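Participant: Sequence:
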Amino acid sequence: MLPLAAALTQAAEAVRQCGDCGNLDSQDPCAICLDQYRDRSVICVVEGVGDLWALERARVHRGLYHVLGGALSAISGVGPEDLNVASLLSRIEEGDVAEVILALGATVDGATTAHWLTDQLRPSGVAITRVGQGVPIGGALDVLDDGTLAAALHSRRST
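End of the sequence shown sits at 159 in the numbering used here; the numbers just go up one at a time, nothing left out.
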């Protein structure tokens with residue numbers, strides 16, 4: 001048990017949140033943000049790091065990511081101020097972003113967050129799309145298979 005406890009302590013000390021996208025990595029910025037082969041004109045917005053890793057595992061998105069850190073939820077008391085949105089708006093204002101993909105869960109909270117984010121992003125003039133077919137109602141991205149994730153990302157639509 002002691003080696004496991006030591007390994008967990010070491011991991012907790014080494015892992016940090018990326019200041020650009022919100023991903024977890026041992027470096028800041030994270031390896032995804034530093035990858036020069038990524039399409040910097042597309043940002044895929046996800047609720048959590050697990051969703052980001054699910055999309056990476058499926059290898060269906062070659063752009064950048066942005067982790068919100070949750071979804072709007074009146075029941076859970078999560079409001080706009082609790083989400084990582086200010087840095088997303090800053091990234092878009094820098095002018096290199098052409099499209100923002102809203103890859104949020106197909107839940108009431110995910111839909112509410114997507115509508116609210118669309119209202120926040122629309123004045124920027126950036127194209128806003130959502131993942132399409134393939135994500136079942138009530139489904140969470142981090143538990144879907146790679147084929148379903150690929151179909152959902154490739155069939156995204158404008159909001």
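There may be inaccurate statements among the hints.
[Claimed, not checked] So the derived label-pair ranges between C-beta atoms look like this:
| id | residue 1 | residue 2 | range |
| --- | --- | --- | --- |
| 1 | 1 | 98 | 43 to 53 Å |
| 2 | 155 | 84 | 41 to 51 Å |
| 3 | 62 | 16 | 35 to 45 Å |
| 4 | 13 | 136 | 18 to 28 Å |
| 5 | 3 | 94 | 16 to 26 Å |
| 6 | 14 | 132 | 35 to 45 Å |
| 7 | 3 | 157 | 43 to 53 Å |
| 8 | 53 | 19 | 37 to 47 Å |
| 9 | 6 | 41 | 38 to 48 Å |
| 10 | 154 | 115 | 29 to 39 Å |
| 11 | 36 | 76 | 18 to 28 Å |
| 12 | 28 | 82 | 14 to 24 Å |
| 13 | 35 | 11 | 28 to 38 Å |
| 14 | 154 | 12 | 31 to 41 Å |
Calculated directly from the structure, the hints in this document are not laboratory data.
Everything numeric in this text was worked out from a predicted model, so none of it was measured.
Don't be surprised by glycine CBs; every beta carbon is placed ideally from N, CA and C.
Participant: For each hint, tell me whether it holds in the structure or not.
Facilitator: Hints, verified against the model:
no.	hint	result
1	1 to 98: 43 to 53 Å	holds (51 Å)
2	155 to 84: 41 to 51 Å	violated (26 Å)
3	62 to 16: 35 to 45 Å	violated (24 Å)
4	13 to 136: 18 to 28 Å	violated (38 Å)
5	3 to 94: 16 to 26 Å	violated (44 Å)
6	14 to 132: 35 to 45 Å	holds (37 Å)
7	3 to 157: 43 to 53 Å	holds (49 Å)
8	53 to 19: 37 to 47 Å	violated (19 Å)
9	6 to 41: 38 to 48 Å	holds (43 Å)
10	154 to 115: 29 to 39 Å	violated (23 Å)
11	36 to 76: 18 to 28 Å	violated (38 Å)
12	28 to 82: 14 to 24 Å	holds (22 Å)
13	35 to 11: 28 to 38 Å	violated (22 Å)
14	154 to 12: 31 to 41 Å	holds (37 Å)
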